[in-house]
Each structure stands twice: as C-alpha cells, then as structure tokens.
Amino acid sequence: MKLRNFKLSIFLIVIGISGLTFASDTESFTVNGLKVILKKNTSTNIISANIYLKGGAAVLTPETAGIENFALIVAQEATKNYPKDKLNSMLEKMDSKIFSNSSMDYSSLQLTCVNENFEASWKIFADILLNPVFDSSDVEVQRAQIISAIKQNVDNADPYLGQLSIDAFYTEHPYSISVSGTIETVTSFTGGQLKSYLANRMNTSEMLLVVVGNTDRVEVEKMVKASFGKLSAGDFHYISYPEVNHQTPSIKVVKRDLPTNYIQGSFSAPSFGTKDFYTMRIASSILRDRLFQEVRTNRGLSYAPAAGSAARFSNFGFIYVTAVNPDTTIKVMRTEVEKISSEKVTDDELRNKVNVMITQYYLGNETNASQANVLAAYELSGVGFTESEKYKEYMQQVTLDEILNVCKKYMNNLQFVLLGNPKTLDIDTFMF
Amino acid sequence: MNKINIFLFTLLLTGILSVNTLAQKYDIYTKTLDNGLDVIVIHNPAVPLITVEINVKNGAYTEPPEYDGLSHLYEHMFFKANKTIPNQKRYMERLNELGASWNGTTSNERVNYFFTVPKDSVEPAMEFMYNAISGPLFKQEELVNERPVVTGEYDRNESNPFFHLVVAVDKKVWWKYYSRKNVIGDRDIIMTATTEKMQTVQNRFYIPNNSALILSGDITPEQGFALAEKVFAKWENGKDPFSYLEIPAHPPIQKTETVVVEKPINFVGLYIEWQGPNVSEDPGATYAADVLSYIMGQKTSKFYKNIVETGLAYGIQLGYNTLNHGAPITVFAQTSPQNFKKCVKAIYDELNKMTSKNYYTDEQLESAKTILAIDDQYGRERPSQFVHTVGYWWAIAGLDYYLNYIDNLKKVTIDDINDYLNEYVIGKKHVEGVLVSPQVKAKLGL
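First to last, the protein sequences are chains R and P. The first sequence stops at residue 442 when you use the numbering used here, and every number in between is there. The second sequence stops at residue 1170 when you use the numbering used here, and every number in between is there.
Extracted from the complex, chain R is given alone in its bound form:
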C-alpha cells in the first residue's frame, strides 16, 4: 500500500509537470508598439526569442527580391557594439545560436540560448537588428554564398522541383517574388541599400517578438524596452494574401538526365489557420497513406509517393512522386485523388489519422524554438496566437462530410512539374 501511494505521488507529479509544460502560461503584451508573446516553460533551461518581420514576399518587388534575406544574413556578421570577432567569440563562449530565416510570409531573426546567457545574448541579438555595420567585405562574402546557394538549388533535384512547382503555382501572386532573390537582384544590392532597407524595417508595428522559456514578463519587458523602446511604431497594415485558383490543369516538363523522374502536382488549399485548413491537413494525409499503399506497397512503383498540404497564408496542397514510369504511376495516383474527392473516407481512417496528427503536432512542439514559431505563425496569419492551443480541438471536430467537401473543392486543376527525362509521357494522364 505504501508503495502504491508513492507510485501515485510520482504519477501525479509527472502528470502535473507534463500539463504545466505544454499548456503553460502564454500571455501577450505590447512594449512601445511591439507586440510580445511570452510562453513560460519551466521545464527546460533553454530560451528561444524570435523577432519576426511581417510581410514576407508581399513587401518585396521584383527589383528588391531577396533584399531582406540578404540584409538579415549580413547583419549577423558585425554590429556597432559587437565588432566581428567580439560578436562571434561571445556567441561561441555562450553557445548561443542566432540565425535568420526568410519565408514567403515573414522573415525572422531567431535566438536560442541557455537561461544564464539570455541577457547577454539578447543584447547581441538586438544589436544585430538595430546597429548592423554592413562591412563591405562581409557583404561580398555573403553575396557569393547566397548566389552559390541559389545555383546549387538548381543542381539538386528535390529543391529544384520545389522551386519550379512554386513558380508554376503562384503566378501573378505576391509569392511569385523570390524571398531568396535571384542571381541578378542579389548581385545588384549595395551594402548601403541593405543597411537602409533593414533600418527602414525597424518600426515596431512591423515586428513581432515571441519568447518561450523559463523567464517572466518583467524581465522580458525590461529587455525589450531597453532595446526597442526608442523605435518608431510605424504604420504597418496586415496583408491578406489571395487564395490561388487555377481554372485548368497544366504540366511543365523540365528535361534533365536523372535516374528517375521527380514529379509534383500542386493544387490550391485552404489558408493557414482557417477551419478548412485543418480539414485539408487530414484529407491530404489520408491521401498520402492511400498513395503509399497503392503506389509503393501494392505496386512497387516508387520509393517516395507523397501528398500533403503546406502551412502558408496563401496555401497549396500537393501530390509528389519519384518514378521511372511517370504515366503508370500518375494514373494510379490520379485514381486515388479522384476516389478521395468522390467517396467519403471511413470513420476509422479519420479517427486514426486525427490521432496521428495530434502526435505530430506535439512532435512539432517539443522545443521552445518550435513552439515560438508555431505561436508566431498563428499570430502573423491574422487568426491570433491563442488559436494554436486549439489545434487538437479543431482536428477532432473535422467530419467525414467536411473531408469529402474539401477534397472536391480543392483537389483539382493540378499544376504539375516534371523534372527528368521519361521515355514516354502521356500528357493527358496529368490533366486533372
């Protein structure tokens, strides 16, 4: 009996910690116009603090494609208060990680460090945004690396297919502007342009800060005020991206001698955070399972059949495969797309898939950095960060009819790209 009581105590403690850790306190507040989302997580010694710059591709033009990405990369090289060697040496000593990322929807500068180094790391992090020096030698080294990365993207089949698919799908859309830039635009930017571009983005209404870790509001407010308290608020307005709606199917073939053919068909999908977004996530994942069964398990036609939907503010779904015989393989995939768009999935399929996706949701929230990114995505999309806590609930509410309807509505007029050199190609097979 005594042992059982001990076991019960341990069980309750563990459950308590688990609950506290995941559904921990999340609050938001504003400091000088800068919205801050703070999620307290006491179970780890690691803190993540990310600044997001709103707008993504929509704040770029064909001439400025890639400028934000480029500016954020060079800004990390040296700042007024942290010359190059000092900056690198301090980050190394603390093993604090700072890096930037630019997506179609927003850019970010991200910091991950251990608690005891948060304050010192934050000062460097803030100085990167506020006082970057843009030394000409740093600009040139980073320019060469970015251009090399753009070229290498073309050399590797999967990233190149991804890029080609985006280009084919988002025509006449803000996303058609590359956030990484083109060789021409990246070549054209001067250090001065990069510096003034980033300085002009330093308005608190254009930014969002998300902090996840074992810290508190008082500390964060103090740090934010000290760093960003004097910035102007600016006048940034939320940008709503249009859904893509192709009226006809298409295929673009890019010839390349490869051992197999890389194929992606993209279709319009509900925008991130909407009710149908959750439905499409489930539907496309069920489709993925069926493709795995029919294409890989039953017929051995491919190692990598897939389907899914992205998480963009203006969204797309896709089917994907690498196959030596594209016609045969796409016929099988087409049958499955048509089936899921005309017949209800089973109760078991839906219930089990929801369970799997909830597991994947937790997997996507294991680290403080990933939790920060999830909160930011919900906030920046316009639905609000509190919606992120309702993921499970929304997934569990999806019905069989909703799955059928979302497939009917969206899984058509696929925009295919084929990278490879197939022996035969029946274009009609791809027209659905």
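Check each hint, because a few of them may be wrong.
Unchecked claim - DSS-like, lysine-lysine: derived pairs with alpha carbons at most 30 angstroms apart:
#, chain 1, residue 1, chain 2, residue 2
1, P, 1069, R, 96
2, P, 1026, R, 96
3, P, 1135, P, 1023
4, P, 1029, R, 96
5, R, 265, P, 1165
6, R, 205, P, 1023
7, R, 94, P, 1066
8, R, 285, R, 418
9, P, 1093, P, 1081
10, R, 433, P, 987
11, R, 133, P, 1023
12, R, 133, P, 1134
13, P, 1029, P, 958
14, R, 107, P, 1023
15, P, 1081, R, 103
16, R, 161, R, 94
17, R, 133, R, 265
As the list claims (entries may be wrong) - Here's a subset of chain R near chain P, in silico, CB distances under 10 angstroms, partners left out:
#, residue
18, 369
19, 414
20, 415
Since the hints were derived computationally from the structure, they do not count as laboratory data. Where is the CB? At the ideal position from N, CA and C, for every residue including glycine.
Given chain R, work out where chain P should sit, using these hints.
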C-alpha cells in the same frame, strides 16, 4: 521531499534500477533483461508522447559483398507482415490506430526502428514493436514488391551529385571491403535478395542480446522497465553474432590520390577523406577529434577565416564521424572554379598549421568544449530525436561512452589534439574527391 528525491527513493525501493550517478544527471536509466536486451529509459515529460525505439547492431559493416545492402532491405521488410499482422496494409493501419509517427533508418553500424505514440498507447506500441522485431514473415510477394522500392531510393540518391562524390571517395578509402561501407547497397544484390537471406540477417542480428530497447519521453524508468519486462522478456536470445562473424579491419589507404567526378553542376565540390580512429581502439582520439572539429567550425577560427572569409570557399567543414569499424575524418568544401586551386592549397596549408603554437587559443579550445556540452542540452530538448542519439552511441561505442562524453571532452588538451592530427591527418594518406562539371574539369585541367 522534492520530486527527484521521491522519485529516486521509490526506484531504489522497488529495486529495479541499476543506479548510476551519470545516468541520474541525464535522466537516462538502464537495465538489462535476462535475455540480454538492454533497456534504456529517457525521462522527459515535455510533451505527452513516448518514443519506442529498437536499435540493432547491424548495418553496412556486417555485410560481405553478397549481402551488400541487405541490412537496408531488411529495414524495409520490418514494416511488413509478421506473425500477428497479415500484410503491410494492416501494418500501416495499426500504426495509425496507435496514433504513431514512425520510421526506421539504416547506417554503417546501426539499424533503428521507432514509433512515437501518445503516452497512453505505449504498451500496445511496445507489443507491436515486439511482434515486428521478433516475428517478421518475409513473404515472397512482399519482398518482390519491395525490391524496386529500394532501388527507387537508390535512384533518388543517384540524382544527387554529392552522392557520386562520396561514393567515389569511399571506394578508394575503404577499398578492400567497400560493401561494408555501402549502406544503400548493390542493385543486383538487392534485386536478387531472397527470403532465405532475410532470415539469415534476422537469425544473426535480430536477437535481444544484440539489441537495445529505448523508451524516451513521458515515461518513468519504473514504468518503462516494467513494461519492457512484460513485453520483451519472451524474446529468445541467440548466439552473439560477433563471436562467430568476422568483421575484417579496413586496411590503410593504398595511396594519396585524387578522383574527379563529373556532373552538370554550378560549383566545385571538394571532399577529402582520411581513415580516423576507431572508437574502441583509440577512444581518446575521438574526443580530441570532436573538439578540434568544433574549434574549426567556429567563425573565430583561423581555418574558417582563412578559407571562408577570404572568399576562397562558400563553406567548409572539418568533421569526424565516430564509428568502430572505419571512422572517416573529412573535409568538405564548396568553391568556385576560379578559386578551386587556391582553395585546395589553403585547406592543406591550414591543416598543416593546426599543430603549430597559437593556431588556436586556449579560449577557443574551451569554447569548443562549452559548445559541445550545451549542444548536448539542446539535443536533449527533443526526446523524440534524442532517442536516436542515445541509440547511436549505444550501438557504436556503448552507453557509457555517451554518459562520460562531456566529462572526457573537458579533459582534452592541445597536446591531445596534436597527437590526433599527427596520428591520423597530417602527412597521412588520404583521398581527395572533386565534383565538377565537364566544362570546368577541362578548364582546370583535372
């Protein structure tokens, strides 16, 4: 009484823990079942999930030429019919019923399988894992269907220009027993694989005394060990495969040479490989290797500054892959055609200077150790991924190697690093691979 004290007291009371202070420090607990199965529990309740992972000492290193790639094919066959599941369709349905996120990987010296499930499903997930690991059927029709799937994976690898570069260099470095380094395998061997060969792999390697079960996530060691005993104690052990199978040592590289691989690419890739220390033979050198790699990976290092900041390379990485049967030391760089020759010269110049006084400072040495230690904390933040790290170390070097890893890194001195460089790198035979387009090859006279 705080949580930890209650927790440990209870574990001692129930007598199920082989308590080890290092294990406590990392929240990693171990036990060996009577059948020889090592059970490792990693306690991390950050999210309400548990990963159930089996690691097996198998992989390319166990493959003579006639088995080249069959560890990997076996890994595919693991996800098919077994004594309780009639076919792969039902197998996948069951994984979905469990809410599982799943996968398997094959590498040089380890094969692992893992299901991450909601914590309430851990017991059925373990039952499922037990049936899959102990009772695969290798149905002929499933094997026949799976062969082209694996060669499809091969096709994808071959679509990547770097794959060809690494293969070309590996074939020279591990020249005598290349099949034991070739994880993806040989197409012909894969396409002619039989169920008998699959059974041979199973009988040799898929026994509890050659495996580790790791439970990672929202589970206590008490719960984990009890479930492991309940589910896996019935798994019958076998003869230690390494008591009767010879794993031949890779002979030294025959000569220093350059291999050129032509692919239509927009840059020049450089890949240099040496034979480094095997962890069981020279563990001290493995710590020195890791610390050196981290020093040179930092932006303050002369290696980085003189090669990347000068614009000679877009990126450079000095690395060491801890293994027990042929551990490579590698330099990988990407450069432009115009800088290629200068870049190659600079890399060798820098390597040759690494043992000279003041090439790196005491501060950089200490920073590298800090980085390795804190990176370990970052790694442990993700229990579903950390489980793979722990499994890797268990298979390659034993869990104690990992548990003592940070402490041993702290002991590394400049002399240790110099010994490592002199023993394995400077002036030692190596193979240099160059990945270029045919046009650039002609222009550079390669």
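Tested hints:
1. Only pairs whose Cα atoms come within 30 angstroms are accepted, and residue 1069 of chain P paired with residue 96 of chain R is accepted, the gap being roughly 29 angstroms.
2. Of the pairs offered as hints, the one joining residue 1026 of chain P and residue 96 of chain R holds, with about 15 angstroms between alpha carbons and a cut-off of 30 angstroms not exceeded.
3. The straight-line distance between the Cα atoms of residue 1135 of chain P and residue 1023 of chain P is roughly 23 angstroms, inside the 30 angstroms bound, and the hint therefore holds.
4. The suggested pairing of residue 1029 of chain P with residue 96 of chain R holds, with an alpha-carbon distance near 14 angstroms, which does not exceed 30 angstroms.
5. Under the criterion of a C-alpha separation no larger than 30 angstroms, the hint pairing residue 265 of chain R with residue 1165 of chain P is consistent with the structure, at around 23 angstroms.
6. For the given pair, residue 205 of chain R sits about 22 angstroms from residue 1023 of chain P by alpha-carbon distance, which is consistent with the 30 angstroms threshold.
7. Proposed proximity of residue 94 of chain R and residue 1066 of chain P is supported: the alpha carbons are some 25 angstroms apart, at most 30 angstroms.
8. Taken as a hint, the residue 285 of chain R and residue 418 of chain R pair is honoured in the structure, with Cα atoms around 16 angstroms apart against an allowance of 30 angstroms.
9. At most 30 angstroms may separate the alpha-carbon atoms for a hinted pair to count; residue 1093 of chain P and residue 1081 of chain P meet this at roughly 19 angstroms.
10. At most 30 angstroms may separate the alpha-carbon atoms for a hinted pair to count; residue 433 of chain R and residue 987 of chain P meet this at roughly 21 angstroms.
11. A threshold of 30 angstroms between alpha carbons decides the hint, and for residue 133 of chain R with residue 1023 of chain P the separation of about 19 angstroms falls inside it, so the pair holds.
12. Annotation: proposed proximity of residue 133 of chain R to residue 1134 of chain P holds, straight-line Cα distance about 28 angstroms (limit 30 angstroms).
13. As the CA atoms of residue 1029 of chain P and residue 958 of chain P are separated by approximately 57 angstroms, the hinted pair breaks the 30 angstroms bound.
14. For the proposed pair residue 107 of chain R and residue 1023 of chain P, the alpha carbon gap of about 12 angstroms is at most 30 angstroms, so the pair holds.
15. For the suggested pair residue 1081 of chain P and residue 103 of chain R, the alpha carbons sit about 21 angstroms apart, so the restraint of at most 30 angstroms is met.
16. Between residue 161 of chain R and residue 94 of chain R the alpha-carbon distance is near 28 angstroms, which keeps this suggested pair within the 30 angstroms criterion.
17. Simply put, residue 133 of chain R and residue 265 of chain R have alpha-carbon atoms about 50 angstroms apart, too far for the 30 angstroms limit, and the pair is violated.
18. Hint status for residue 369 of chain R relative to chain P: holds, with the closest Cβ pair at about 5 angstroms, below 10 angstroms.
19. Hint status for residue 414 of chain R: violated, given a least beta-carbon distance of 19 angstroms to chain P, over 10 angstroms.
20. Because the beta carbon of residue 415 of chain R sits about 22 angstroms from the nearest beta carbon in chain P, more than 10 angstroms, this interface hint is broken.
Checked against the numbered hints above, the structure violates hints 13, 17, 19, 20; every other hint is satisfied.
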